[in-house]
Amino acid sequence: MAIAVALWCVIGLIAVSAAAPALAARPQPLGTRLVYGASLILTGLLLLIGIAALLGGADFQGQKVLPIGLPWIGAHFSLDSLSAVFLIIVNLGGVAASLYALGYGLHEEAPGRVLPFYPAFLAGMNLVLLSADAFSFLVSWEFMSLSSWALVMSHHHEGENRKAGYVYLLMASFGTLMLMLAFGLLAGTSGDATFAAIMTAAHPDWISGAVLVLMLLGAGSKAGLVPLHVWLPLAHPAAPSHVSGLMSGVMTKVAVYGFIRVVFVLLGQPQWWWAVLLLVLGSLTAVLGVLQAVMQRDLKRLLAYSTVENIGIIFIGIGLALAFKTNGMGAAASLAIVSALLHCFNHSLFKNLLFLGAGNVLVGTGERDIEKLGGLIHRMPRTAYLFLGGCVAISALPPLNGFVSEWLLLQAILLSPDLPQWALRFLVPAAGAMLALAAALAGSCFVRAFGVTFLGRARSTAASEAHEAEPVSLKAMSLLIGLCLLAGTLPGPLIDSLSPVTSFLVAGHMPTQPLMPLLSIIPINESRSSYSGILVFGFIMASSWIAIRVIHNFASRAVRRAPPWDCGFPNADPATQYTADSFAQPIRRVFGPMFFRLKVDAHMPRPGDPKPATLAVTLRDLVWDFLYAPISGWVMFAAERLNVLQFLTIRSYLSLVFAALVALLFLVATWA
Amino acid sequence: MQHFSLDAAHMFAGGMVLVSFMMLYQDRILGLINVFAAHAVVLTLSVSWQAYIQDAPHLYITAAIAFGLKAIGIPWALHRMVVRLGIHREIETVGGIGPTMLMGIVLVALSMVVMLPAAAEADPIAREDLALALSVILLGLLMMVTRQNAVSQIIGFMSLENGLILAATGAKGMPLVVEISVAFSVLVAFIVIGVFLFRIRERFDTVDTQALDDFREGRE
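Those protein sequences? They're chains A and B, same order as listed. Every letter in the first sequence is one number past the one before it in my numbering, and letter 473, counting from 1, is 473. Count along the second sequence from 1, add 672, and you get the number used in my numbering.
None of these hints come from the bench; they were simulated from the model. All residues carry an ideal CB built from backbone N, CA and C; glycine is no exception. Honestly, I wouldn't trust all of these hints.
What the hints assert, rightly or not - Pairwise CB distance ranges, derived in the manner of DEER restraints:
hint	chain 1	residue 1	chain 2	residue 2	range
1	A	W671	B	K844	51 to 61 Å
2	A	Q269	B	P771	51 to 61 Å
3	A	Q646	B	P771	22 to 32 Å
4	A	G184	B	P729	36 to 46 Å
5	B	A749	A	A4	41 to 51 Å
Model the full assembly from the supplied sequences, consistent with the hints where possible.
Here is the structure:
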């Protein structure tokens with residue numbers, strides 16, 4: 001049975017993790033290669049199982065109960081089409097990251113801090129997807145959180161990473177607490193916490209609503225929904241780059257999986273206000289995430305903020321699917337959920353790719369600040385072109401895959417006038433506008449990221465002495481860009497393969513995507529809209545080729561003599577180039593005063609004063625200022641007050657225990 | 673026979689609650705040790721009776737352990753300890769005897785109110801045994817909270833342990849291993865606390881726990 005093999009693979013990953021400390025102690029690079037090689041093979045197997053379970057149907061799915069965990073209950077695991085989709089996403093990311101790390105991992109200064117936790121992290125994510133009862137789900141979830149926390153802390157010598165780890169740990173515990181409460185409400189007093197039992201039980205409206213809010217807090221904090229995203233841009237960049245890619249590209253998807261599993265499968269029929277909540281949060285997340293990304297100078301943090309944006313897009317899709325599902329519009333709901341799932345898949349591909357590219361830049365130059373990079377296209381051309389591919393994909397430009405899912409989502413948004421609720425009819429187009437704004441800003445964000453990092457001239461010696469990454473790392477990235485192109489040009493089979501999931505989740509499915517004519521995809525019906533990735537790809541290729549030929553063949557080859565043009569750089573200093581900050585300045589001017597309390601402090605010396613002019617820009621994170629700062633203030637206040645409890649006598653402690661016991665007994669007596 | 677066995681089981685368990693009240697009342701240390709021995713004797717009787725009516729011979733072993741350790745061994749050792757420590761003086765209680773007794777009565781009432789409905793489906797012997805055992809446990813805790821002298825706190829702790837054993841034997845099918853391990857944990861706790869008592873006395877010339885707290889506060 002496939003599920004048994006999958007569980008064996010997970011056990012194998014845990015075994016590798018257990019053996020890793022011994023391997024890390026051996027002379028490198030053997031230990032590193034062994035750990036990442038084993039992870040590569042095991043995640044590859046899990047990937048195959050995921051594909052088989054999605055395409056092969058019931059033959060490759062199933063349940064399994066292991067006699068571990070809670071006594072007499074055991075741990076339930078199951079593999080169905082929904083978990084298969086995410087199994088593919090997770091393990092595709094795992095394969096790419098492991099392959100990449102075969103080269104990148106050799107540059108790790110402290111392999112002993114990374115190697116033991118890396119396979120454990122992969123195992124934890126897979127376990128979350130396979131769990132089929134609340135207890136094993138929560139344990140796996142926490143296992144995933146803690147192992148990724150250990151990876152975030154692997155470079156703990158830098159104070160910033162320690163802060164990131166602390167914030168991450170706090171938010172992760174908060175999220176798990178919320179999930180625990182959600183599952184507690186779902187399981188009720190029956191004590192049967194298997195998903196199958198929860199699914200068949202009837203839940204009153206207030207319980208379903210409370211569970212939805214708790215899931216938004218719990219899974220949303222892990223996925224990076226605003227305003228619970230604050231840990232994400234701190235923690236994701238702090239980890240080694242292949243782990244950053246996994247955390248950003250894959251772990252956030254595991255959170256999305258948890259949300260979908262509970263809200264679509266366990267809760268039953270949704271209520272329409274759920275969709276309102278999700279659409280508002282999703283659009284807020286998308287816009288705020290990308291606005292923050294445009295402002296960042298740290299390449300990896302920029303990518304992390306862009307993850308926040310993409311999570312917003314995914315949640316808009318999920319919210320739309322809920323809205324359509326409430327009203328029994330199966331086809332529209334399936335379109336929305338397909339766009340969300342497809343975007344999960346696509347984002348996991350290109351975000352992984354971009355983080356791996358950032359890893360190459362980090363190894364090649366030792367810099368993450370894009371203001372100190374530049375001109376890398378000459379020193380590391382292959383990384384540059386792969387990164388460019390990722391940028392094109394994430395900016396949702398055809399013919400790559402980012403376009404397909406965002407286009408499908410916009411198609412779903414266009415169906416909103418059919419919704420009966422007025423609130424949704426007004427809200428969905430607004431969310432669509434926010435989505436369009438986010439997509440445009442993402443485009444500018446990645447033009448900036450790529451242009452400042454790879455084009456122009458080197459802004460520091462580190463950048464001018466950069467070196468290209470290992471061939472095996474570049475192979476991992478080529479694999480990802482290849483998949484991006486494949487998913488972008490031939491999305492039809494992908495959409496078809498998702499139909500068992502959509503009929504499972506929203507009791508509807510999209511029209512079967514015909515392989516002909518022109519390999520196009522059709523969201524609703526052929527007369528309304530269609531898109532053919534391969535046609536667009538072919539057109540782009542052909543028109544570029546023709547343009548190149550025309551220029552080469554018909555341009556004048558006569559030698560011309562002219563005064564030397566200095567390529568727009570009259571001053572040899574690289575600081576005269578266009579900088580990242582100057583690129584972001586127009587957007588900063590528009591959105592800064594509202595979203596970041598922008599303060600620009602320009603100081604011009606008086607005439608005759610030889611001091612240089614200074615320009616200081618301060619941006620404040622309003623979420624931090626208005627939400628987290630007051631909360632931490634209250635916590636500190638309460639801690640000060642409760643500090644007295646540290647210095648009581650033994651008898652006072654005993655009295656406290658006694659009083660608590662009596663109070664609880666009293667409660668039991670009056671309750672019954 | 674059924675009625676008689678039930679009544680006798682209740683008599684012994686109720687007797688333990690009564691002796692617990694005697695302990696709460698007793699404010700001389702040597703007298704307290706004697707009452708504790710009596711507590712253990714009643715426990716022995718109760719457990720043996722349970723062994724007889726449940727037809728569970730292994731409970732006789734529990735009874736023997738209770739008698740040997742708690743009715744003879746520990747009281748004897750405590751006697752010696754008290755004499756060696758030289759504390760024959762009166763022990764002070766917090767809040768006076770009267771309020772403490774009143775509070776004890778409230779606790780017994782509370783445990784009845786809690787346990788009788790909670791265990792309504794259990795058979796009558798187990799049900800009322802559990803209610804009385806909870807009373808004994810609460811009274812033991814109350815004793816630990818209200819006394820300042822370390823020796824009487826130990827005795828409160830051990831009477832609490834007696835309540836646990838009463839509860840364990842009242843329910844059918846509790847394996848012997850559990851009871852033996854409980855008995856040994858009590859013994860270990862006793863030894864550890866005994867050692868500490870002497871160490872405390874060495875340092876502070878008293879076993880009044882107030883001295884410990886005074887010392888700690890003085891240091892800060």
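Against the structure, the hints come out as follows:
Range check, W671 (chain A) to K844 (chain B): Cβ separation about 28 Å, and the 51 to 61 Å hint is violated. The hinted window of 51 to 61 Å between Q269 (chain A) and P771 (chain B) holds, with their beta carbons roughly 58 Å apart. With their beta carbons about 29 Å apart, Q646 (chain A) and P771 (chain B) fall inside the hinted range of 22 to 32 Å. Distance hint for G184 (chain A) and P729 (chain B): a CB-CB separation of about 44 Å, consistent with the stated range 36 to 46 Å.
Remark: the range hint 41 to 51 Å for A749 (chain B) to A4 (chain A) is contradicted by a beta-carbon distance near 58 Å.
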